[in-house]
Amino acid sequence: MIGWYEANLVLIEATFLNFLLALSIQVPLRLGVFSFAGVGSYGLGAYTAAILTLRYDVPAFVAIGAAVLLAAVVGYLFSLLVARLNGLYLAMATIAFVLIIAVLATNGGELTGGANGLYGALSDLTTGGVVAVCVVVAVLLALTERGPLRRRIEAVREDPELSLSMGIGVVPMRQMAFAVSGALGACAGAMNALLRTTVSPEEINFHLIVLALTMVIIGGSRSWIGAFIGSVIFTWLPSMLASAGRWQDVVYGVIIILAAIFMPTGLLGLVQTLYQKLRGRRSAAVTAEAPADDTAEERALLQALGGESRGGVQ
Amino acid sequence: MTTTETAPPVLEAEDVAVHYGGIKAVDGFGLRLPAGRIYGILGPNGSGKSTFLAAVTRLVPLTRGRLLIDGEEYHTAPPTKLARRGLARTFQTVRLLPELTVLQNVQLGADLHAPGGRLRSWLGRDRPSEAVEEAIERTGLGDVRDAWPTELSYGMARRVEIARALASRPRLLLLDEPTAGMNHSERQEVSELMRKLRDEGLAQLIVEHDVQMMVDTCDHLVAMNSGTLVAEGSPQEVVSHPAVQEAYLGKRWRSHA
Amino acid sequence: MLEILINAVTLGSLYLLFALGMSVAWGTIGILNFAHGSTFMFSAMVAYFVVQTVTLPMWAMVLLGAAVGTVLSVLTQALVFNLILRRNPDLLKAEMQIVVGGIGTASVLLAIAQHYTKSVPFGFSASTFKVATYQLGPVHISNVQLVILVAALGLAGLAAWWLKSARAGLALRAIGVNPEVASLMGVDRSRMALGTMAAAGALAGIAGVLLTYYLGSIAAETGDSFLISAFAAIILGGIGSVAGVVTGSMILALAETLVVTQLSGTWASAVAFGLIFVVLLFLPRGIFGRKEVRRT
Chain A
0 MIGWYEANLV
10 LIEATFLNFL
20 LALSIQVPLR
30 LGVFSFAGVG
40 SYGLGAYTAA
50 ILTLRYDVPA
60 FVAIGAAVLL
70 AAVVGYLFSL
80 LVARLNGLYL
90 AMATIAFVLI
100 IAVLATNGGE
110 LTGGANGLYG
120 ALSDLTTGGV
130 VAVCVVVAVL
140 LALTERGPLR
150 RRIEAVREDP
160 ELSLSMGIGV
170 VPMRQMAFAV
180 SGALGACAGA
190 MNALLRTTVS
200 PEEINFHLIV
210 LALTMVIIGG
220 SRSWIGAFIG
230 SVIFTWLPSM
240 LASAGRWQDV
250 VYGVIIILAA
260 IFMPTGLLGL
270 VQTLYQKLRG
280 RRSAAVTAEA
290 PADDTAEERA
300 LLQALGGESR
310 GGVQ
Chain B
667 MTTTETAPPV
677 LEAEDVAVHY
687 GGIKAVDGFG
697 LRLPAGRIYG
707 ILGPNGSGKS
717 TFLAAVTRLV
727 PLTRGRLLID
737 GEEYHTAPPT
747 KLARRGLART
757 FQTVRLLPEL
767 TVLQNVQLGA
777 DLHAPGGRLR
787 SWLGRDRPSE
797 AVEEAIERTG
807 LGDVRDAWPT
817 ELSYGMARRV
827 EIARALASRP
837 RLLLLDEPTA
847 GMNHSERQEV
857 SELMRKLRDE
867 GLAQLIVEHD
877 VQMMVDTCDH
887 LVAMNSGTLV
897 AEGSPQEVVS
907 HPAVQEAYLG
917 KRWRSHA
Chain C
3 MLEILINAVT
13 LGSLYLLFAL
23 GMSVAWGTIG
33 ILNFAHGSTF
43 MFSAMVAYFV
53 VQTVTLPMWA
63 MVLLGAAVGT
73 VLSVLTQALV
83 FNLILRRNPD
93 LLKAEMQIVV
103 GGIGTASVLL
113 AIAQHYTKSV
123 PFGFSASTFK
133 VATYQLGPVH
143 ISNVQLVILV
153 AALGLAGLAA
163 WWLKSARAGL
173 ALRAIGVNPE
183 VASLMGVDRS
193 RMALGTMAAA
203 GALAGIAGVL
213 LTYYLGSIAA
223 ETGDSFLISA
233 FAAIILGGIG
243 SVAGVVTGSM
253 ILALAETLVV
263 TQLSGTWASA
273 VAFGLIFVVL
283 LFLPRGIFGR
293 KEVRRT
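Chains as they are written, first to last, in this note's numbering: chain A, 0 to 313; chain B, 667 to 923; chain C, 3 to 298.
It should be emphasised that the hints constitute simulated quantities derived from the structure, not laboratory data.
Keep in mind that the hints are not guaranteed to be accurate.
Sample of chain B residues at the chain A side, in silico, Cβ under 10 Å [stated by the list, open to error]:
| # | residue |
| --- | --- |
| 1 | 725 |
| 2 | 728 |
| 3 | 730 |
| 4 | 737 |
| 5 | 740 |
| 6 | 742 |
| 7 | 748 |
| 8 | 749 |
| 9 | 750 |
| 10 | 755 |
| 11 | 764 |
| 12 | 766 |
| 13 | 774 |
| 14 | 779 |
| 15 | 792 |
| 16 | 814 |
Note that beta-carbon positions come from the ideal geometry of N, C-alpha and C, so glycine has one too.
Generate the whole structure from the sequences, applying the supplied hints.
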């Protein structure tokens, strides 16, 4: 048992760090915010922690704390900047943000170690510390997945206009999501930098974005549990696929395609649906979508055509 | 009698206009709704009723005019503020959250007034409040409280929306075509519920297509066309107003009469 | 200086060929194909393997690239995007699934390409084509550059005309404005979608082959970096507008070329990212963007 643990320590640690990285995308996604800025915060956090450790020799938790705080503030400011963007546009802007951070890191001269990055950031961070942080984060997030807060989050994601009319402040919640996403990403990045004692701009690339996104998509975007499932799968999948030999990357891609088509709510959603079916939740509807008359549809059509009705319904 | 006369109307709209993209959806429309009254807005498709409602609930900006709640101007306030002042509304289309049960959807309405503030609502136990239980009971949803929105009939889904609005214990209730898709007995029930609520002092504004229901339920009707006022008065007065009859009631009304 | 300009315009033309199909597809049928970059690269790779056994002239290579690109994009649309949409008809909610599906497809194509090329760059030296430079007045311009310029501007012009005047083109634009009404008026959305993706794939394939001729060789990873640049060009010019993608591509290429020659190579990629960011913040619809865009 101990042998296995020590042999796979790197992967075990990576699982927890990937968990936080996945959360940095999953949390805003719960609110309907399609943002990859958490991956940029990963880079910010990694460099902040490395720089503080190398230059000022601070203990691990101070370096991580500072990284988290900085990224949370940056995340909040970023949310102000992109306030009017939604959907794919927002996603694009956040992808650009991540890649800009990589470029800044490459061109940061002495501060960031340029293209080579920084190394030798030795610290007192332990595996136990990483796990403890993850447990705390999971508990805090679990608390947001019940009660009034959960309902509010659902409302903001599904129907922002309805939320406003019910007194739910959509904009402050979105800003909060960006701040939290920044904090989570930075935590992952900082801890990674301190455990591996290095950070380089090559780590912050499109593939990291893809990894974070696929963890969430396949694990499940509705809950922290989904993020954890995703991180376990994607941390250990490469070693499991090694038996598939040279085609493992193809298998990886095919899995992603299949998940996109068949599992929009991820593995977690799949399990939840099965569970509910077993408990006898009747699936779909006696619901008649349209009202007795056609007025609603006519109205929608008229609105789409931009015109006004010239009179009553015939 | 003097107190009710000097109190400002719960809702007042004065010379409201909403113009966008070259369209004058609402152009000089107004009303004054006192407490304990049911007012109805009657009008054909495209007359601007729903836009007016959207303007009153601050989901759409005003081009001109004033909006007052309890005599206080609010036409620059965000919609969230209105909810806190006791305004609740339902929408033309069913807007229930699919991942919440009926009970949870109704609870959403009451969450606004959760006791003890944010932290307590985060950590405390999540028991449905009195207002929620009452709303469910009054709309007859007791049997389906744990059902999912996809399992409900259209009429029932609409009732959940009404319950959700009631759960916030509003002072002003706006209903946008609440009985569309309901059968006759369901409509009667909604009408009865509205009248009971009115007797308890709630001010209500209803936009409806079913003229008969409006006549039976409302204390006062306002007829609208092309964004402006056409006629106003008691239901009987408005319905027999020649311009109103000619413009929208036409064949449909005669078949009911 | 003029040489730099010509190089920039050539680069811009390549961006244009690559981004044109993507922009039209995104703006009309609402599909943002993240596999477009890999398609572009894969088409060139197939052409490479073919020309190792059968010597071909440039025009045949270009056609081959177009064919491969068409097939790949049509397959992606039919097997991946259509399936996603069928299970999730609300385009807004399916957006993320489509992005993920595209990323998955891109990964598959990339993995296959890396396997067969062993991650070594490949070029078309086996082709009959030989690079020649001409002197037009004060400037030198190569035949490759000329082909690229003519192809890009010609095809862009064709696309613009088609969207404006051809019946099918108008139908496609109708889908872009309001899909529900368009189908009520008899437009077959799924057939148009396949056709649009086929054209986009063909353009990507052409771009891939021409880029390989221009640079001498490309690698399996080249597709992804072009993808990001394409985003910048499309967003800058305005989604769905041909004039927009032409303008955006040229401006991007010019900016990148200037940065590389005046500043340093490491900042070059930042141009695309920075552009995306700045445009989305200050001019989200782009230069030629439509007034109403599907999502804010």
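| task | Could you check the structure against the hints above and give me the numbers of any it violates, in ascending order? | result | Checked against the structure, the hints that fail are numbers 2, 3, 4, 5, 6, while the rest are satisfied.
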